[in-house]
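As they're listed, the protein sequences go chains A and B.
Under my numbering, the first residue of the first sequence carries the number 62, and numbering increases by one thereafter.
Under my numbering, the first residue of the second sequence carries the number 652, and numbering increases by one thereafter.
If you are wondering where the hints come from, they were derived from the structure by calculation, not from laboratory data.
Beta carbons: idealized from backbone N, C-alpha and C, even for Gly.
Incorrect hints may appear among the rest.
Under 10 angstroms between C-beta atoms, here's a sample of chain B residues computed to sit facing chain A [as the list claims (entries may be wrong)]:
#1 ALA828
#2 ILE834
#3 ASN835
#4 ASN838
#5 LEU842
#6 PHE904
#7 SER907
#8 VAL908
#9 ALA911
#10 LYS914
#11 ALA916
#12 ALA920
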Amino acid sequence: MLRIRNLRCGYGNLEVVHGASLHVERGEIVGLIGANGAGKTSLLNAIMGLLPPREGSIELDGVSIARQPVWHGVAHSLVLVPEGRQLFSAMTVADNLLMGGYRNPDRDQAIAQALDRFPRLRERWRQPAGTLSGGEQQMLAIARALVARPRLLLLDEPSMGLAPLMVKEVFEVIAELRRKGVTVFLVEQNAMAAFGVTDRVYVLETGDIVMEGRPDDLLHNPEVKRAYLGKGFRNVWE
Amino acid sequence: MSQALQYAFSGVTMGAIYAVVAIGFNLVYSTTGILNFAQGEFVMLGGMIAVTYSRFMPLPVAIAAAVATTAAVAALIEAGFIRRLKRHTLLHMIIVTIGLSIVIREAALLIWDEKVRSLPFFTGTESSSVRVFGAAISPQTLWVLGTVFAIVAVLHVFFRFSLKGKAMRACSANPQAAMLCGINTSNMRTLTFAVSGALGALAGCVISPMTMSQYDMGTSLAIKGFAAAMLGGLGNPMAGVAGGLIVGLAEAFSVSVLPAAYKDAVAFALLLCALFVKPHGLFPERGSIAREA
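Chain B on its own, in the form it takes in the complex (with noise of 0.2 angstroms):
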C-alpha cells in the first residue's frame, strides 16, 4: 500500500510537470496555432538560470528573475522571430520550433557546458521527508504540486475574470474577431509565449532540486508534454492537467511491472492508445484546429 503511495507521488509529482509543459503547448497553440516544441526549453532555462542567478541572490528573488528572463526570453523568440516568418503550415513551424529547440539547448551548453546543477532544497534538505498518508516523500514534493496548483489556480482567474485573459480566450476563438474588437493580436500572441515561458522556468525552478537541471532535459520534457497535451485535447489549457498526471502516474507505476528503461515508452505507448482511440484527447476542445483536421 505505501509502496503504491509511493509511486503515486512521484507520478503525480513527475504529472504535474509534465502538466506545466502540456499548459504550455496549450496556450500558444490556441492562440498562434504553433505546436511549440521549444516549451520543455523554457523549463530547462529556468533551473538553469536560477541556479546561476542563486549564487548572487536570495533563492526566490533568484526563482522570480529566472522566471521574469526566461518570459523575456520566449518573448522574444516570437517578435524577434516567429512573427516575422510568413504564414506557414502546422508542420513547417514545428519544424521551426524543434530548430529552436536545438538552438536553445547548444546556447545552454555553451553557457552552463554539460555540468548537471541543481537549486537547493527549498525546505530542508535532501534526506529531509515528510510522512503522508504513510508515505514519505520529500517535502518539495509538496512544493512542486502546490506550485502547479497556484499555476492552474492563477491561469484560471486570468482566462475567466481578467481583461486580458478574455482577451486571449477571444484570439484563440475567432483571431479576426479579436482584431475587429481592437485587440491587437500580435501582442497578444508574444504576451502567449512570455506567459507560456514564465510557466515552464518556474516548473524547471520548482523540480530542479529533485530531479537536477542540465542542458539536455528539455527534449524529454517536451516530447512528454506534449504527450499530455494530446492526451488531454489539444487546445484546452487545462485538459493538459489530466494529461499530465495520467503520463507522469503511467510512468511511475510502469516501473513496478517494467525495467525502468522503458519507462520512456509508456508515455508514447499511451499517446499512441489515446491517438487510435480517442484522436481529440480526452477533452477535445471544441472548434480546435485539431477537431477540424
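Bound conformation, chain A alone (with noise of 0.2 angstroms):
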C-alpha cells in the first residue's frame, strides 16, 4: 500500500533520514521504533507532504505522493496523528472532530462512530479542546484523523507523555483499527508497547533503517534489547 524507496530529507543544511526504504501491506500494523532524533517525525512528514524530499519515492498504492500537498493525501485517507496531538486547543471537541471530517462527505456518521468509540469525548462534546486532560487529547487526537476516514493510519509517538493506562488503551484502539481493516504504521519510542501490536518492526538509527522484523524476533536481538527495550522493559515492569 504505501511504499518509501531510498527517501532523503532533512531540514536546511541538515539531512535527517538518509535513504530509507520501506513497504506497509493492505492491512498490516508495521511499526518504526527508533531513538529520539533518529528522523521517526520527519520521515512521517515527508509521507505527509509536509516535508518535501530530497530523494527518493513515496508511493501510496503505487501512485507517487512525493511532494504532493498534504490534504490531497487526506483527501486520498492519507492521515497523520502527529506527535504531540496538535489539537486546535481554543476549538471545541465538536469543533476538532469536524475539522478532521473537513474531506469526509460522510463526516456526521464518522462522527457518530468515533464518539461510540470514546464516550469520554461525549461528555467533554462542548468543551475546548484544551480543557481536556492529555489522556482524553490523545483520544480526540486519533478520534479526529478517525473522522477522516483513513485507510492508511499513521501514528506519531501516540503513547508519548501517557499515564500506563492510557497507553493501553491506545494500544487497544490501534489493534481494534486492524479489524476495521484499517492499515496502521505507527511511530514509537516505546518499543515494548509497539512490539505487542505490530506485525513487522523497522528500526532506524540517525536517518538510516537497520532492522526490519517480527516483534518475537526483535524482541530477543540483544542490540536491540541494549538499545531499546532497557527503558521499554522498565515502562512496562513499573
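Each of the two chains sits in its own frame; use the hints to bring them together as a complex.
In C-alpha cells, the structure reads:
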C-alpha cells in the first residue's frame, strides 16, 4: 500500500533521513521504532507532504505522492495523528472532530462512530480541546484522524506523555483498527508497547533503517534489547 | 447635549469604517501572519469602482459588482503575488504590502485621475436628515452603521457555525494541524484576502456619499484601521470593532477641544498610549504572534 524507496529528507543543510526504504502492505500494522532524533517524525512528515523529499520515492497504491499538497493525501485517506496531538485547543471537541472530517462527506456518521468508540469525548463535547486531560487529548487526536476515514493511518508517538493505563487504551484502539481493515504505520519510542500490536517493525537509527523483522524476532535480538528495550522493559514493569 | 450626540454619531460612523478595516487587518493577520497595509486601498477601490459601475447599472447592482471586483483583486494579489514569495519576516511582508498599496494607488490615479467622486446618497439627499435623540444625522449614517453591524453579524455566524469559517479559524490556530485535517491552507489564505477585500469595498461604498472617494484615501484608512486593530488586540477579528469605535469617537470629540488639524494625531496618540499600557491590546487573542513576540 505504502512504498518508500531510498528516501532522503531534512531541514536546511541538515539531512535527517539518509535513504530509507520501507513498505507497508494493506491490512498490516507496521511499527517504526528509534531513539529521539533518529528521524522518525521527519519520515512521517515526508510521507504526508509536510517535508519535501530530496531524493527517493514515496508511493501510495502505486501512485507517487512525494511533494503533493498535504490535503491531497488526506483526501485519499492518508491521515496522520501528529506528535504532540496538535489539537485546535481553543476550539470545542465537537469542532475538532468536525475539522477532522473536513474532506469526508459522511463526516456526521464518522463522528457518531468516533463518539461511540470514545464516549468520554461525548461528555466533553462542548468543552475547548485545551481543557481536556492529556489522555483525553490523545483520544481526541486519534478520533479526529478517524473521522477522516483513513485507509492508511500514521501515528506519531501516540503513547508519549501518557499514564500507563492510557497507553494501554491507545494500543487497544490500534489493535481494533486492524479488525476494521485500517492499515497502520506506527512510530514509537516505546518499543515494548509497539511490539505488542505490530506485525512487522523497522528500526531507525540516525536516519538509516538498520533492521526489519517480526516483533518476536526483534525481541530476542541482543542489540535491540540493549538499545530499545532497556527503557521499554522498565516502562512495562514499573 | 445634542452637540455631544452630534460628535458621537460622526465618531461612531467613522469608527465603524475603521472597524471594518481593522477586521480586515485581523482576518488576514490571523490566517496568514501578514499585516496587510493595502487594506485601506480596498476601501478606496470599492468606492471608486462602484462610482464607475453606477453609470451603467442601478446602484445596488453597482455596489455588489464593486464588492465582487475588489474581492477578486484581493484574491489575485494573494494567489498571484504574495503566495509566490518565499517565507519572509513580518517586517518584510509589511514593506511588501505597503509597496502593493502604492502600486494600487498609482493604478487608481491612472484609471480615475485625482478627481474626488462620490456615490449618491442611498436614501434621501445631502441635505436630508433624520433626528435621533435630538441630533440631526444624515440617513447615510444609518446605512453605514447598519452595514457594519450586518458585516459583524455575518462574520460572527460564519466563524461560529459554518464549516469554512471553522476551517479558517483552524488555519489561524494551527496551520499545520489544519493541513493535516485536509484543509487546503493556501486556498484558505486566498479566501481570507478575498473576504477582507470584499469587506473593505463594502465599507468604501457606504461611506462614499459622506466622505467622498479619492484615489489616495487608502493610506490614512489603513493607518487608522491598523491603530484600531492594535488597540483591540491584533489577531482577534471582533476586537477590531471596539478599537475602531474608540479611535473614531476619540477623533470626533478631539475636534471640540483641539484644532481640527490635530484630528489625525489623536488616533496615533491613542495607539501609542495603548501600546505602553496594554501592549497586546484590550482584547488580546490567546496564542497570537503579537502576544508571543
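The hints, checked one at a time:
1. ALA828: Since chain A brings a Cβ to about 4 angstroms from B:ALA828, closer than 10 angstroms, the hint holds.
2. ILE834: Because about 5 angstroms separates B:ILE834 from the closest Cβ in chain A, which is inside the 10 angstroms limit, the hint holds.
3. ASN835: With a minimum Cβ separation of about 5 angstroms from chain A (threshold 10 angstroms), the hint on B:ASN835 holds.
4. ASN838: 9 angstroms, holds
5. LEU842: Given a least distance of 14 angstroms, the restraint on B:LEU842 is violated.
6. PHE904: With a closest approach of 36 angstroms, the B:PHE904 hint is violated.
7. SER907: Since chain A brings no Cβ nearer than about 41 angstroms to B:SER907, farther than 10 angstroms, the hint is violated.
8. VAL908: This hint is violated: B:VAL908 lies away from chain A, its Cβ roughly 42 angstroms from the closest one there, beyond 10 angstroms.
9. ALA911: At 43 angstroms from the nearest chain A Cβ, B:ALA911 fails the 10 angstroms test, so the hint is violated.
10. LYS914: 38 angstroms, violated
11. ALA916: 37 angstroms, violated
12. ALA920: Result: violated, 33 angstroms to nearest chain A Cβ.
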